[in-house]
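Construct the complete structure from the given sequences, taking the supplied hints into account.
Following our numbering, the numbering of the sequence shown begins with 5 at its first residue and continues without gaps.
Hints are not guaranteed to be accurate.
[Unchecked claim] Here are the computed distance ranges between Cβ atoms for each label pair: (1) Ala140 x Ser272: 51 to 57 angstroms; (2) Ala309 x Thr15: 43 to 49 angstroms; (3) Arg484 x Gly213: 34 to 40 angstroms; (4) Ala478 x Ala99: 33 to 39 angstroms; (5) Val324 x Phe293: 35 to 41 angstroms; (6) Ile342 x Ala140: 53 to 59 angstroms; (7) Glu216 x Leu92: 50 to 56 angstroms; (8) Ile282 x Thr43: 31 to 37 angstroms; (9) Ile206 x Leu510: 28 to 34 angstroms; (10) Leu355 x Phe269: 51 to 57 angstroms; (11) Ile305 x Ile342: 45 to 51 angstroms; (12) Phe448 x Val136: 45 to 51 angstroms.
No lab work stands behind these hints: they were computed from the structure.
Just so it is clear, CB atoms sit at the ideal spot from N, CA and C, and this is done for glycine as well.
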Amino acid sequence: MAVTAAPPAQTALAAALKSAGFAALVAFGLCIPIIALRTDQSPSGLMLTLRPHAVALMTVLTFAVAFARAIRLRLPQSLGGPSPLLRLAAFAGIAAVFALGFLATEALTPPLAGLILPGVAISFMPPKVWLVWTGAVFALILAQGLIVPAVPGLLEATRRSRARSEKEAVTTATDGEARASRRLGSFASVALLGFAVAFPVIAAVATGGLSEGRYWIDLGILVLTYVMLGWGLNIVVGLAGLLDLGYVAFYAVGAYSYALLSTTFDLSFWVCLPVAGILAAFWGLLLGFPVLRLRGDYLAIVTLAFGEIIRLVLINWVNVTGGGAGISSIPRVTFFGIPFSADEDGFAARLGIEFTPMHRILFLYYLILALALVTNLVTIRLRRLPIGRAWEALREDEIACRSLGIDTTNTKLTAFAMGAMFGGFAGSFFAVRQGFISPESFNFLESAIVLAIVVLGGMGSQIGVAVAAIFMTAGPELLRDLDVFKEVGFDPNELRLLLFGLAMALMMIWRPRGLVSVREPTVILKERRAISASHVREGHG
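Take a look at the structure:
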């Protein structure tokens, strides 16, 4: 008996259902420990709250989004999207899944409530929440289906992205496109710089005063600190191609260097700042020597171990670092020897203005802005020097780099040392800003955040790293204050990091090479060429 192949439409539908079902199963498993259980405060103590409605809603949302992506609802039929009949059936199926999920949860909740143990409560979700999220999913799918075919350039970009032949992989860019790209990059850089310089003024005007805008200025200081850390790690990961998971170690070395030197020898911040950078660079060299022969995952494991070793040393060397108690009463920064105090020798008294604690906050903001700009300027200049081109050659192919006569040992060591130096500068600023440091401030999560900033921004792209740092650091803080999530059944304080992680995962699906995935090479021979990511080892050509 002859076996006949299934029609393409049925095959695509079955594959989409299988993919969406697997995604929903994974989401259900992850939601059990993260969303299903919550501890609340009650008059008798802590109480455990079950939230089956929230788990069901997140599972259904994951299934709907995964199915819409797998069936390619956002593409027209000419580019492999479904036919109008299949598209209509897909919308009806997604609506049925939402309805069945809500009805099943409503039917299973009463028996579940009857089995609840003492001290355990159950949280219900009103039907309007399901309607809001159903409408949001349908609006997203419809917007994608309308925007992609209608906007000029998106259709052609989608068609080009599907091409994998050698002829379409390498294309020559025209001079007009190159000039337009450079103008756009320059305009974005100037706009970000102008916004950063004027940000305290904007925050003061928007909130009604400097004191009222302190939250936003502190948030700006946090963002600029991570921008500086991202630019420092970008030298190691983005330019040299060395995956470093222990960058927080150099951050800690800089912070503890300033804290110990200032509290023990009474040295000022301006003396300790270069010393902290030099000590961090020295530790970068110590890390570089053992890992000269390692690449890829092995290098990442060793650098991760180095970061943990530094943290454990800080915890256990109690006589020097204070152990888990940390170091407190770290001297504050001064305006080149003039303290920001209300005394007669203070900054305000010498200038004849009214004293306010915001003077120190503003100085800290512009100090970290200056440090970040110095980091950016030095990185850009180094990229154009022979050492910068050696880093890029090492990133693309180490064997070819050696065949060109480049000393890979010195190239790796200089990359580690330069990146560590800027991490030490940022750590010194962190210590003077906080006034207290402990080993808990330098865990692996900090390294992961900085690495995520570099990867999401686009490895090797300075402006991409800056934009990614804004989203990675300011995004979760802004989500904390959005009460709109409470109206649809979610507490932003609990799920802000989960929602932000979901946004990053979606971005890595649609923009796997980062926000700024195209950058010009340092050296151009004869003509400018745009190289496909499939022809570049790190995938960001």
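Within 51 to 57 angstroms: is that where the Cβ-Cβ distance between Leu355 and Phe269 falls? Between Leu355 and Phe269, where Cβ atoms are some 30 angstroms apart, the hint is violated.
Beta-carbon spacing of Ile342 to Ala140 - inside the hinted bounds 53 to 59 angstroms or not: Since Ile342 and Ala140 have Cβ atoms about 54 angstroms apart, the given range 53 to 59 angstroms holds.
Is it true that Ile206 and Leu510 lie within 28 to 34 angstroms of each other by Cβ? holds (30 angstroms)
Cβ separation of Ala478 and Ala99, checked against the hinted range 33 to 39 angstroms: Cβ of Ala478 to Cβ of Ala99: about 36 angstroms, so the range 33 to 39 angstroms holds.
Is it true that Ala140 and Ser272 lie within 51 to 57 angstroms of each other by Cβ? holds (54 angstroms)
If I claimed the Cβ atoms of Val324 and Phe293 lie 35 to 41 angstroms apart, would that claim hold in this structure? violated (24 angstroms)
Evaluate the given range 45 to 51 angstroms for the C-beta pair formed by Phe448 and Val136. Once the Cβ atoms are compared, 37 angstroms apart, the range 45 to 51 angstroms for Val136 and Phe448 is violated.
Per the hint of 43 to 49 angstroms, is the separation of the Cβ atoms of Ala309 and Thr15 within bounds? Holds: the Cβ-Cβ distance is about 47 angstroms, inside 43 to 49 angstroms.
Verdict for Ile282, Thr43 (Cβ pair) under range 31 to 37 angstroms: violated (47 angstroms)
Range hint 45 to 51 angstroms: satisfied by the CB atoms of Ile305 and Ile342? Given a distance of about 48 angstroms, which is inside 45 to 51 angstroms, the answer is holds.
When you take the CB atoms of Arg484 and Gly213, is the distance between them in 34 to 40 angstroms? violated (23 angstroms)
Measuring from beta carbon to beta carbon, are Glu216 and Leu92 in 50 to 56 angstroms? Holds, since Glu216 and Leu92 (Cβ atoms, about 53 angstroms apart) stay within the stated range.
Violated hints for the displayed structure, listed by number in ascending order: 3, 5, 8, 10 and 12.
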